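J.: With the hints as your guide, set chain A onto chain W.
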Amino acid sequence: MPLADKTSDRAMSRRSFLRGSAAFSGLTALAASLSPLRELSDFTSTEEFLQKYYKELSPDEMTKVLQRIERDVQRQYGIRPHVRDLKPMDGVEFVYCLNLTRCIGCRKCVHACVAENNQSRNPEIQYIRVLKLPHGSLDLEKAEHHYEAKEVPEKGFFYMPVQCQQCENPPCVKVCPVNATWQESDGITVIDYDWCIGCRYCEAACPYWARRFNFAKPQIPKERLNPEMAYLGNRPRRQGVMEKCHFCIQRTRAGKYPACLEVCPVGARKFGNILDPESEVSHILREKRVFIQLKEEMGTSPRFFYYFDK
Amino acid sequence: MAPSVPTPPENSGAGTNALLVALTAAFGGLALLFVADLWGHTPAGPKIPLVDPVFLETKPWRNSYSDMVGAKEDMSDYDCYACHEKAKPPPIRFDANHRIIIPKEHANIEMSHGSHDRNNLCYNCHHEANLLTLQVRDGRELKFDNSTPLCGSCHGPTYRDWEAGAHGRTSGHWDAKRGAISRLACVNCHNPHAPHIPTRPPAPGPHSLREAVAPAAAHP
Numbered sequence: 001m002p003l004a005d006k007t008s009d010r011a012m013s014r015r016s017f018l019r020g021s022a023a024f025s026g027l028t029a030l031a032a033s034l035s036p037l038r039e040l041s042d043f044t045s046t047e048e049f050l051q052k053y054y055k056e057l058s059p060d061e062m063t064k065v066l067q068r069i070e071r072d073v074q075r076q077y078g079i080r081p082h083v084r085d086l087k088p089m090d091g092v093e094f095v096y097c098l099n100l101t102r103c104i105g106c107r108k109c110v111h112a113c114v115a116e117n118n119q120s121r122n123p124e125i126q127y128i129r130v131l132k133l134p135h136g137s138l139d140l141e142k143a144e145h146h147y148e149a150k151e152v153p154e155k156g157f158f159y160m161p162v163q164c165q166q167c168e169n170p171p172c173v174k175v176c177p178v179n180a181t182w183q184e185s186d187g188i189t190v191i192d193y194d195w196c197i198g199c200r201y202c203e204a205a206c207p208y209w210a211r212r213f214n215f216a217k218p219q220i221p222k223e224r225l226n227p228e229m230a231y232l233g234n235r236p237r238r239q240g241v242m243e244k245c246h247f248c249i250q251r252t253r254a255g256k257y258p259a260c261l262e263v264c265p266v267g268a269r270k271f272g273n274i275l276d277p278e279s280e281v282s283h284i285l286r287e288k289r290v291f292i293q294l295k296e297e298m299g300t301s302p303r304f305f306y307y308f309d310k
Numbered sequence: 001m002a003p004s005v006p007t008p009p010e011n012s013g014a015g016t017n018a019l020l021v022a023l024t025a026a027f028g029g030l031a032l033l034f035v036a037d038l039w040g041h042t043p044a045g046p047k048i049p050l051v052d053p054v055f056l057e058t059k060p061w062r063n064s065y066s067d068m069v070g071a072k073e074d075m076s077d078y079d080c081y082a083c084h085e086k087a088k089p090p091p092i093r094f095d096a097n098h099r100i101i102i103p104k105e106h107a108n109i110e111m112s113h114g115s116h117d118r119n120n121l122c123y124n125c126h127h128e129a130n131l132l133t134l135q136v137r138d139g140r141e142l143k144f145d146n147s148t149p150l151c152g153s154c155h156g157p158t159y160r161d162w163e164a165g166a167h168g169r170t171s172g173h174w175d176a177k178r179g180a181i182s183r184l185a186c187v188n189c190h191n192p193h194a195p196h197i198p199t200r201p202p203a204p205g206p207h208s209l210r211e212a213v214a215p216a217a218a219h220p
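Chains as they are written, first to last, in my numbering: chain W, 1 to 310; chain A, 1 to 220.
Isolated chain W, as found in the complex:
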């Protein structure tokens, strides 16, 4: 006892040292655990937090929302975008046709899509996967999307790009617990990125692996940002939400072709209105050997058709 007293007189007692260091390390641990908050530079604004469901927004409210998005994008990227809310057109139902005889597997569509739709470059998010398959079978188990050839097409293989099939009976829509994704009257299944809670049920439900999740904060270089945006389309996404191909809604609902079609060097991609009997896709479905709706047996009834020339 006298010895212990002697020590505590000269310096601290063991108990107070332990107490002090425990308190200190506890505080530092708390600070460290809170430190990720420092990265939350862009808090969800009250405006965004209180925003109504997409289908309940009045035109005035929609204008305000679009302005809010434009401000957010400008603050983040220093570029003033042009964000629109394009509605489906009457008498239009979109269909995509892809010519498997012509596709050479050059993957230009993949990157044109990324450039058009402001996907994250790091981590990488791509909507289109080009599958390489050996001739003579359509066994997807033999498909390969990591092929690294010097030159394409390679002998003995054909290529099958897969993206969102815009199903008539979409399983992803059925499983969404908050109705953040739905099918519009022109056949495009859209996502409201402000309503998505990131549960990824839709990703699990999709038989085509067409949906992508933003695991990390998306990174897009300023100089590669496409400023022509749509609310349900290519406006920048947040971390923690789903995204997928939306047939380039910002282009197609303005009458243009999707970006993947424009860039295809062999004209393997065809797009149009199936309700117009004069359209290219109507001609193809009528005249060509359209053999496949991918994974037809799933009963999803895709609006994406693969066809052959010969």
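Any given hint could turn out to be false.
[What the hints assert, rightly or not] Think about it this way: if two alpha-carbon atoms lie no more than 25 Å apart in a straight line, the pair counts; the simulated BS3-like pairs of lysine-lysine are: (1) A:86 with A:143; (2) W:295 with W:174; (3) W:217 with A:47; (4) W:150 with A:47; (5) W:87 with A:177; (6) W:155 with W:142; (7) W:222 with A:47; (8) A:59 with W:150.
To be clear, the hints were calculated from the coordinates, so they are not data collected in a lab. The model shown is predicted, which means the values in this text are computed figures rather than measured ones.
T.: Below, chain A alone, put in the same frame as chain W:
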């Protein structure tokens, strides 16, 4: 403190203090490191290079004759009668295997239209009486910038598909009410002397962040 705890006398003074101070300093240092976020951060992923803008190019890979005229390029190569004599069709020579012999003046021409060199006669398409035009077998004479009907005279089904928009590249607007649609001519993609589309290097594949093993083994 229990009085029964024996404390070695030689260890009680300066030694304990020094130890405690050192421990405090060590803990403080660790805490600083911790706060500075050197630990507890997931390592940054590998850097993914941006794709070469070459792969985003939407222009067709060939210039047709009319494109060259439009761009006011040097058309002296197309002035046939700078070398050839008028009203005297140049002769066509074949080797023993009935392969066409391409004269050195035309060495840039690769003749491989049709399999097994079946279509190797220049005058199947060129007009022997007027080298500045093309001829269709039915007697029509076409200018170089209007070669599509000539192609269609043999490739009927493909021509039909092209007219309907099912073959070949289109760009612009799917909705004619909103804007024009532009359709390329055959020679914008196909070299008429060697129409098969050449192979090319593909754009980079998906980054294999999720792949634990190199994907090459998946080949059938």
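J.: All hints, please: hold or fail.
T.: Verification of the hints:
| no. | hint | result |
| --- | --- | --- |
| 1 | A:86 with A:143 | holds, 17 Å |
| 2 | W:295 with W:174 | holds, 18 Å |
| 3 | W:217 with A:47 | holds, 15 Å |
| 4 | W:150 with A:47 | holds, 23 Å |
| 5 | W:87 with A:177 | holds, 17 Å |
| 6 | W:155 with W:142 | holds, 16 Å |
| 7 | W:222 with A:47 | holds, 17 Å |
| 8 | A:59 with W:150 | holds, 22 Å |
Comparing the model with each numbered hint stated earlier shows that all of them hold.
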